[in-house]
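The hints should help you fit chain B onto chain A, whose structure is shown.
First to last, the sequence lines map onto chains A and B. Just so you know, we're using our numbering here: the first sequence kicks off at 1 and counts up by one. Just so you know, we're using our numbering here: the second sequence kicks off at 1 and counts up by one.
I should point out that these hints are in silico values taken from the structure, not numbers from a laboratory. Some clues are possibly wrong.
Covered, in the sense of this in silico footprint (three residues per stretch, anywhere, with C-beta under 8 Å from a C-beta of chain B), are these stretches of chain A [what the hints assert, rightly or not]:
1) 165 to 171
2) 310 to 316
3) 345 to 353
Here are some of the chain B residues that sit facing chain A, going by a computed Cβ distance under 10 Å [claimed, not checked]:
4) 12
5) 80
6) 138
7) 142
8) 154
9) 176
10) 275
11) 284
12) 292
13) 294
14) 296
Note that beta-carbon positions come from the ideal geometry of N, C-alpha and C, so glycine has one too.
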Amino acid sequence: MEEKKVNYIEEEIEVKGEEEKLYTATHWQLMWRKFRRHKLAMVGFWLLVILYALAIFCEFFAPYDPAKRDTEYINVPPQKIHFIDGDGRFYLRPFVYGLKQESDPITWRRIYVEDKSERYPIYFFVHGDRYRLWNLVECDIHLIGTVEGPFYLFGTDESGRDLLSRTIYGARISLFTGLIGVFFSFIIGCILGGVSGYYGGNVDVIIQRIIEFILSLPSIPLWMALAAAMPKNWSPLRVYFLITIILSLLGWCSLARVVRGKLLEVRELDFVTAARLAGANDWTIITRHLLPNFSSYLIVNITLAIPNMILGETSLSFLGIGLRPPIISWGVLLKNAQNINTIALQPWLLIPGIFIVITVLAFNFLGDGLRDAADPYR
Amino acid sequence: MVVLLFVISVFSFIVIQLPPGDYLTSYIMTLQTQQGTVDESMIEALRKQYGLDLPMYDQYIFWIKNMFKGDFGWSFEWKQPVGKLLADRLPMTVLLSILTLIFTYVIAVPIGIYSATHQYSFGDFFFTIIGFVGLATPSFFLALVLMFLFNKYLGFSVGGIFSTQYIDAPWSFAKFMDLLKHLPIPIFVIGLAGTASIIRVMRGCLLDELRQQYVITARAKGLSERKLLYKYPVRVAMNPIISTIGWVLPGIVSGATITAIVLDIPTVGNLLYSALLSQDTYLAGSSIMILAFLTIIGTFISDLLLAWADPRIQYQ
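Isolated chain B, as found in the complex:
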């Protein structure tokens, strides 16, 4: 876990270093256009301040040290500290990801159970098709199509996460309701692919379980069909489902990034995108690090959850 976080931080650092020239070259360029010339001693001072005169590994240590002090660097695009920008967007990112995760499982598990118990029925067939199409549709395309449909038939704009009048407004009940109105579409867009694959997994696992002999025994003993289903096979089939969080979560963070860009939702992913376009290196590196951290921590929590749900699993 700690090793993972370390590797991610190194990777993010590389992202910061990758573009030609360092962070200051672009900063000096903007200063030059504003003031004409830039004092050589000022450049030197700036270089010191950001530790850019040090060798590479020292720069990395410098960067990490500052981060622990809460200083993520300065975004010259936004003219704000990177830490503040990230903190502004973090709650929305986490909220969106968690809600999507909940949506995915709440929808997928019952449908999976239904599909397995009604194998080859019309409903099963229907959900299979929905699942295939859901997997095949890139999230940005789905977002575009929904934008088009909503605009054309309902006259309702789905972009953004708040209506215009609430964007800068303080939190109130009306703003909260406005948020609720805007959330379903991004959640649906981000969650569809994950939902589709979990339905497949759930259906497959449960079908395997239902063929087991203990199910026949239970049925022969006269157990009610409902109790029979929920007491044993569903519980066993749930275990692989919980472990799917490990790959569903990265998928959601991934999908949320691109969906947020299309639908213009203020998340860290959206921030990363604009930072990459404007070569705002500190912001980009920190954003990608935050996104990766979130995913790793989420996966870690799911591992704990799995250990709690299935006592057979032992971690050494």
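Looking at chain A on its own, in the form it has when it is part of the complex:
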């Protein structure tokens, strides 16, 4: 290990010739340096940047209003983007074909085929459905779209709503449920873990028992029970906050454990005694001297806790006892794909699930990289 460290430092010096910089670098600079070397973590980081950008500006990125029903195009399969038309001509600007309704010769079901005679080029910044960005700026410009023809890259659902737009809008709810849920668990975890670790004694024992108890319970049945007790006539916003609170009620335990463990580790160190002798009170010691000491570990654990929240929310919404329409989240969207007949006929309804997997993967990659970086001296 020792040898490795020396090698690492020498390598740094040789490659960058920044001896001075390395020795004077702050803790966070060292962490950043190490984090950047973790390729998967960087991939996760940029994926999340893109996903959150989609979520924040979903009105702009979504080609349509997610609630708009297009009765002419019901259960349309995803359209393909073409560069070369039927005659073999190449176009620099990609395009989609129009759609023709036909009925299946065997089952008589309504199916859609590409109408090669209609060609709709795809443009950037097209004018489409009107929206109010964050309820403030009124606008009608969408990132991509066609000027008049249908543009359903992920297909449509049974009411003719565009799945791509709905997936992008769903990102807003699903991704921010994770953040808000983690914020609540962070607060509960810090307070209880802090009390437990700093004061110790009987309080510590009781809090630890509670944590062990909660961790040993199966989470989904508990979430289900709590969520199902929610009155049916609540407004979507209240439901949303209640669900995030329910999620964080069980989610704070691991954070509290980290806080407690780290507090126990550092509270006996000399500089804490020095601070106490100098007359600092408990609050100052905890917030000024102890917390900064392990804030990097906290960030790692928060990152790894977010995907659990997202998975919890989607699972509950998928079962129909979490978020409910008209709220759009990935779980709510997947609820449409619940039975085998729907999946067999409209497999594209599963697309939001792929987004869930990508998001959770990205968070896990990021968390892994951060965990390595949290201890930059190793």
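The following block gives chain B in isolation, referenced to the frame of chain A:
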């Protein structure tokens, strides 16, 4: 342990109490739609029977007392005693959980050993990716995707646990074979996330162990690579693995609940779901209690197992 069970029972009781109105209000509603009016004295009698006229803590004691007598309450949705409904589904729940647990460890431990001994090889890389994806895929989504794939490419329906003709049939060899045919998919779906994380733990622990000096000593003495690996490092690395049952089991029960709902398997989790949807409060409370009990007992057994496997651990 006893305290834990007590806390769970209180929690389940709260679940029963949480929805507005008590159990009888919904029951009376159904009676009213069937018969028009309901006699006031009959309501009073029912109230007595279920102890709903008592204060809260007395109600709790009443509920627990009845439970020890084997009376879990009445499910008005199924028009059957709750105890019978639970007893019908309990074997399948336990079977599914235990099989998944076995599957998880039987698959994960060898792969973990392989990954640790072949660090950074193609196989290690492959399993790492599988592990990450397995952790990131919600079990219900995996179940949906498998349903789709099996239906499309194999023309085989994976829903349920028996084929239609066997559902009400008495046990026979054919029914047993049918069960075996249906079990692998739920087990795989429920077990994937747990397997993925145990592979990571096993790999990490074994890598730490392999760096120890006693391994170098043993190798220097000329011990065969196989004996060297299995005799010491694997045994040491197994201890943290056994203690993982404590959090793998709740995960399995959790995953089994949602998978059973998607794949329509008659387990207690599935029962809980329908009970919650129809506000069948006694059934919901009892189901959640049974699920939590199962998990706690399973964890307790794993603690005993750990003490047996590692004599260094002493319980006071």
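Results for each hint:
1. 165 to 171: It is violated, with 0 qualifying residues against the three required.
2. 310 to 316: Holds: 3 residues of the region 310 to 316 of chain A have a Cβ under 8 Å from chain B.
3. 345 to 353: Since 3 is at least three, the answer is holds.
4. 12: 8 Å, holds
5. 80: 21 Å, violated
6. 138: At about 5 Å, which falls below the 10 Å cut-off, the nearest Cβ of chain A leaves the hint on residue 138 of chain B intact, so it holds.
7. 142: 9 Å, holds
8. 154: For residue 154 of chain B, the interface hint is violated, since the closest Cβ of chain A sits about 12 Å away, which is over 10 Å.
9. 176: Not OK, violated: residue 176 of chain B not within 10 Å of chain A, min 25 Å.
10. 275: 9 Å, holds
11. 284: 7 Å, holds
12. 292: Holds: closest Cβ of chain A sits about 5 Å from residue 292 of chain B, inside 10 Å.
13. 294: Holds. Min distance 9 Å.
14. 296: Holds: closest Cβ of chain A sits about 6 Å from residue 296 of chain B, inside 10 Å.
Violation of the numbered hints given earlier is confined to hints 1, 5, 8 and 9; the remaining hints are satisfied by the structure.
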